[in-house]
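Engineer: Going down the list, the protein sequences come from chains A and B. Heads up: the first sequence at position 117 corresponds to 117 in our numbering, and the numbers run straight through without jumps. Heads up: the second sequence at position 143 corresponds to 143 in our numbering, and the numbers run straight through without jumps.
Worth flagging that the hints you see were computed from the coordinates, not collected in a lab. Even for Gly, the Cβ is constructed at its ideal location relative to N, Cα and C. Possibly wrong hints are sitting among the right ones.
[Stated by the list, open to error] In silico DSSO-like cross-links for lysine-lysine, where the CA-CA straight-line distance does not exceed 30 Å: (1) A/Lys-189 <-> B/Lys-140; (2) B/Lys-25 <-> A/Lys-9; (3) B/Lys-4 <-> B/Lys-140; (4) B/Lys-78 <-> A/Lys-4; (5) A/Lys-127 <-> A/Lys-25; (6) A/Lys-184 <-> A/Lys-167; (7) B/Lys-189 <-> A/Lys-127; (8) A/Lys-189 <-> B/Lys-25; (9) B/Lys-127 <-> B/Lys-189; (10) A/Lys-180 <-> A/Lys-4; (11) A/Lys-140 <-> B/Lys-162; (12) B/Lys-162 <-> B/Lys-189; (13) B/Lys-9 <-> A/Lys-4; (14) A/Lys-167 <-> B/Lys-92; (15) B/Lys-78 <-> A/Lys-189; (16) A/Lys-167 <-> A/Lys-9; (17) A/Lys-184 <-> B/Lys-92; (18) B/Lys-184 <-> A/Lys-151; (19) B/Lys-140 <-> A/Lys-162; (20) B/Lys-162 <-> A/Lys-184; (21) B/Lys-151 <-> A/Lys-167; (22) A/Lys-25 <-> B/Lys-127; (23) A/Lys-92 <-> B/Lys-25; (24) A/Lys-92 <-> B/Lys-78; (25) B/Lys-184 <-> B/Lys-9; (26) B/Lys-140 <-> B/Lys-162; (27) B/Lys-151 <-> B/Lys-4; (28) B/Lys-9 <-> B/Lys-167; (29) B/Lys-167 <-> A/Lys-92; (30) B/Lys-4 <-> B/Lys-127; (31) B/Lys-127 <-> A/Lys-92; (32) B/Lys-92 <-> B/Lys-9; (33) A/Lys-180 <-> B/Lys-184.
[Unchecked claim] Some chain A residues flagged as far from chain B (calculated, every beta-carbon gap over 10 Å): (34) Asn-17; (35) Leu-64; (36) Ser-68; (37) Glu-115; (38) Glu-154.
Chain by chain, the residues:
Number of protein chains: 2
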Amino acid sequence: MNLKELIYKTRSYRRFNELHHIDQKILESLIDLARLSASGGNRQPLKFMIFNTPEECARIFPYLQWASYLAEWPGPDKGERPSGYIMILGDKSVTEMFGVDHGIAAQSIMLGATEAGLGGCMIQSIKREELRNEIGLPDKYEILLILALGKPVENVIVEEIKDNDVKYWRDNNRNHHVPKRSLKDLIIKL
Amino acid sequence: MNLKELIYKTRSYRRFNELHHIDQKILESLIDLARLSASGGNRQPLKFMIFNTPEECARIFPYLQWASYLAEWPGPDKGERPSGYIMILGDKSVTEMFGVDHGIAAQSIMLGATEAGLGGCMIQSIKREELRNEIGLPDKYEILLILALGKPVENVIVEEIKDNDVKYWRDNNRNHHVPKRSLKDLIIKL
Numbered sequence: 001m002n003l004k005e006l007i008y009k010t011r012s013y014r015r016f017n018e019l020h021h022i023d024q025k026i027l028e029s030l031i032d033l034a035r036l037s038a039s040g041g042n043r044q045p046l047k048f049m050i051f052n053t054p055e056e057c058a059r060i061f062p063y064l065q066w067a068s069y070l071a072e073w074p075g076p077d078k079g080e081r082p083s084g085y086i087m088i089l090g091d092k093s094v095t096e097m098f099g100v101d102h103g104i105a106a107q108s109i110m111l112g113a114t115e116a117g118l119g120g121c122m123i124q125s126i127k128r129e130e131l132r133n134e135i136g137l138p139d140k141y142e143i144l145l146i147l148a149l150g151k152p153v154e155n156v157i158v159e160e161i162k163d164n165d166v167k168y169w170r171d172n173n174r175n176h177h178v179p180k181r182s183l184k185d186l187i188i189k190l
Numbered sequence: 001m002n003l004k005e006l007i008y009k010t011r012s013y014r015r016f017n018e019l020h021h022i023d024q025k026i027l028e029s030l031i032d033l034a035r036l037s038a039s040g041g042n043r044q045p046l047k048f049m050i051f052n053t054p055e056e057c058a059r060i061f062p063y064l065q066w067a068s069y070l071a072e073w074p075g076p077d078k079g080e081r082p083s084g085y086i087m088i089l090g091d092k093s094v095t096e097m098f099g100v101d102h103g104i105a106a107q108s109i110m111l112g113a114t115e116a117g118l119g120g121c122m123i124q125s126i127k128r129e130e131l132r133n134e135i136g137l138p139d140k141y142e143i144l145l146i147l148a149l150g151k152p153v154e155n156v157i158v159e160e161i162k163d164n165d166v167k168y169w170r171d172n173n174r175n176h177h178v179p180k181r182s183l184k185d186l187i188i189k190l
């Protein structure tokens with residue numbers, strides 16, 4: 001699989017086979033991809049937490065907000081929830097400026113997940129303080145992103161944007177459609 | 001090349017064969033990788049500018065700051081400068097919140113550059129207002145990152161961090177050494 005195919009397959013998935021266990025070693029290998037990725041000033045301020053048992057995943061799930069454009073969908077039902085999470089933390093004892101390190105790291109991890117036959121979603125809408133209390137996270141760590149992972153059971157279709165409307169949507173067969181801007185609209189010439 | 005090899009090869013390079021021309025089509029294909037990557041709320045607020053002629057590259061270069069840990073090195077000499085740039089802009093008419101979209105996009109582009117036999121460096125230290133004036137960039141675009149690209153002529157060596165010192169350094173043979181934290185130091189258990 002070349003990079004373009006890998007990136008094309010790395011869609012945001014939100015429904016999974018919850019029974020699919022994700023091995024700790026796989027999650028560690030994904031974090032290793034983030035470890036080897038660029039970091040502003042090489043400061044490497046990111047830390048990572050892994051959650052991959054049903055009990056751990058059930059603790060994380062209530063603090064995540066899903067798919068804001070799907071107003072009538074509160075998030076994945078039982079049985080279709082993620083079976084693993086990687087939480088990306090900023091270690092404020094290293095720096096308070098994380099720049100886009102977590103974006104770089106998240107992309108490396110999500111591409112690795114696709115290569116490993118998994119999929120998932122980068123989640124920024126997190127009830128951060130409640131989750132911090134739930135897991136007893138020390139103040140020196142900032143919760144930057146949570147990557148929800150699993151074995152996807154949904155079909156995601158990339159399509160051309162119409163009328164500048166970026167909202168993804170689901171059809172009657174529960175296919176998930178994602179409008180993307182065209183390349184020519186992204187490249188600016190002055 | 002699997003993803004781990006690709007990521008391992010995607011180091012930050014700062015010295016290039018400046019005579020190596022980077023075709024416009026290659027740069028567009030890299031931006032297409034960013035286009036197909038995740039975007040917060042699928043808003044896709046990023047825009048991109050390409051610079052790949054010697055004249056264009058000479059206009060950009062003075063506004064970039066290079067390798068802050070190499071105090072005695074002002075940046076690449078003539079002949080070793082980048083032969084292409086992709087400037088990542090945030091379009092404020094779409095949103096003023098770019099989150100980590102540009103980190104995600106930059107990682108896709110830099111991985112694609114490696115696959116295409118190129119290399120480069122994500123640069124955040126930019127004299128933004130002077131550069132805006134130089135190129136006449138409208139106010140609605142925010143300069144987020146500049147990706148300097150070229151055919152690398154330097155050897156970059158990843159090594160284990162010692163004494164928590166993240167500063168990269170050059171040896172007498174101009175090899176560039178980059179200390180990376182170990183995986184076990186990045187994974188937090190509570």
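Engineer: Of the numbered hints stated previously, which ones are contradicted by the structure, given in increasing order?
Structural biologist: 3, 4, 9, 20, 21, 22, 23, 24, 26, 30, 32, 33, 36 and 37
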